[in-house]
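Q: Given these sequences and hints, build the entire structure.
Quick note, the sequences are listed as chains A and B, same order.
First residue of the first sequence: 3, per the numbering used here; consecutive thereafter.
First residue of the second sequence: 13, per the numbering used here; consecutive thereafter.
Keep in mind the hints are simulated off the structure, nothing from the lab.
Model, not experiment: these values are computed from the prediction.
Even for Gly, the Cβ is constructed at its ideal location relative to N, Cα and C.
Keep in mind that the hints are not guaranteed to be accurate.
As the list claims (entries may be wrong) - Below, a sample of chain B positions facing chain A; criterion: calculated Cβ distance under 8 Å: (1) M43; (2) L55; (3) L57; (4) T60; (5) L104; (6) G108; (7) G109; (8) E116; (9) A117; (10) Q121; (11) G122.
Unchecked claim - PhoX-like cross-link-like pairs, simulated, lysine-lysine; straight-line CA separation at most 25 Å: (12) K19/B to K44/A; (13) K110/A to K17/A; (14) K77/B to K100/A; (15) K7/A to K44/A; (16) K59/A to K7/A; (17) K70/A to K100/A; (18) K60/A to K73/A; (19) K100/A to K19/B; (20) K7/A to K100/A.
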Amino acid sequence: QQQVKQSPQSLIVQKGGISIINCAYENTAFDYFPWYQQFPGKGPALLIAIRPDVSEKKEGRFTISFNKSAKQFSLHIMDSQPGDSATYFCAASAGTYKYIFGTGTRLKVLA
Amino acid sequence: SAVISQKPSRDICQRGTSLTIQCQVDSQVTMMFWYRQQPGQSLTLIATANQGSEATYESGFVIDKFPISRPNLTFSTLTVSNMSPEDSSIYLCSAGGQGGGNTEAFFGQGTRLTVV
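A: Here's what the structure looks like:
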């Protein structure tokens, strides 16, 4: 019940394309859903986050779509660029800064 | 945003020895955590570092193996004790609760540990 399931494990996208990463959860107590971006040798950095009271949040080329009834959320990267090549983690928390992380998606954007 | 510094950034240690990792935050935070990230894997929470009291460990992690200190609101240490090659991993410090409406948890750059 504490798990956050993430897919796909890896993703290859052409430059300018849309990258889509999906996550699903079981624990209905989760109330905060961040996405982190991690480059090799670096710590994770917050990309965008959403709470269950909204269905979509957009920041620049990054959009989170949230489906509360299905307990699913996804990250969409529009106009993907080679500089977006990184590992992306979804996460969830229940009222704290303590996160349960998904298994990660390694994104490669081809030039 | 908070800036988190970890020391050392990497180390190679002999099995049976211990390593202490330091985490310094540039502002006071209410919460500090330690995560482990095995190569190519996700992040797993080791424990919550509680200021002035014993850390709260997650299932599968014990104080004798991973003693944690948090003497104040900006600093914490994690010790990896009696190391074995299975402890080779990246250890990450995280902090949250800066106040001012900030809801983000920040991460350090990690400590890459190799046990030989």
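Q: Now look at each hint and say whether the structure bears it out.
A: Okay, the hints, checked on the actual structure:
no.: 1; hint: M43; in the structure: holds (5 Å)
no.: 2; hint: L55; in the structure: holds (5 Å)
no.: 3; hint: L57; in the structure: holds (6 Å)
no.: 4; hint: T60; in the structure: holds (6 Å)
no.: 5; hint: L104; in the structure: holds (6 Å)
no.: 6; hint: G108; in the structure: holds (3 Å)
no.: 7; hint: G109; in the structure: holds (6 Å)
no.: 8; hint: E116; in the structure: holds (5 Å)
no.: 9; hint: A117; in the structure: holds (4 Å)
no.: 10; hint: Q121; in the structure: holds (5 Å)
no.: 11; hint: G122; in the structure: holds (5 Å)
no.: 12; hint: K19/B to K44/A; in the structure: holds (14 Å)
no.: 13; hint: K110/A to K17/A; in the structure: holds (10 Å)
no.: 14; hint: K77/B to K100/A; in the structure: holds (21 Å)
no.: 15; hint: K7/A to K44/A; in the structure: holds (23 Å)
no.: 16; hint: K59/A to K7/A; in the structure: holds (21 Å)
no.: 17; hint: K70/A to K100/A; in the structure: holds (21 Å)
no.: 18; hint: K60/A to K73/A; in the structure: holds (19 Å)
no.: 19; hint: K100/A to K19/B; in the structure: holds (22 Å)
no.: 20; hint: K7/A to K100/A; in the structure: holds (17 Å)
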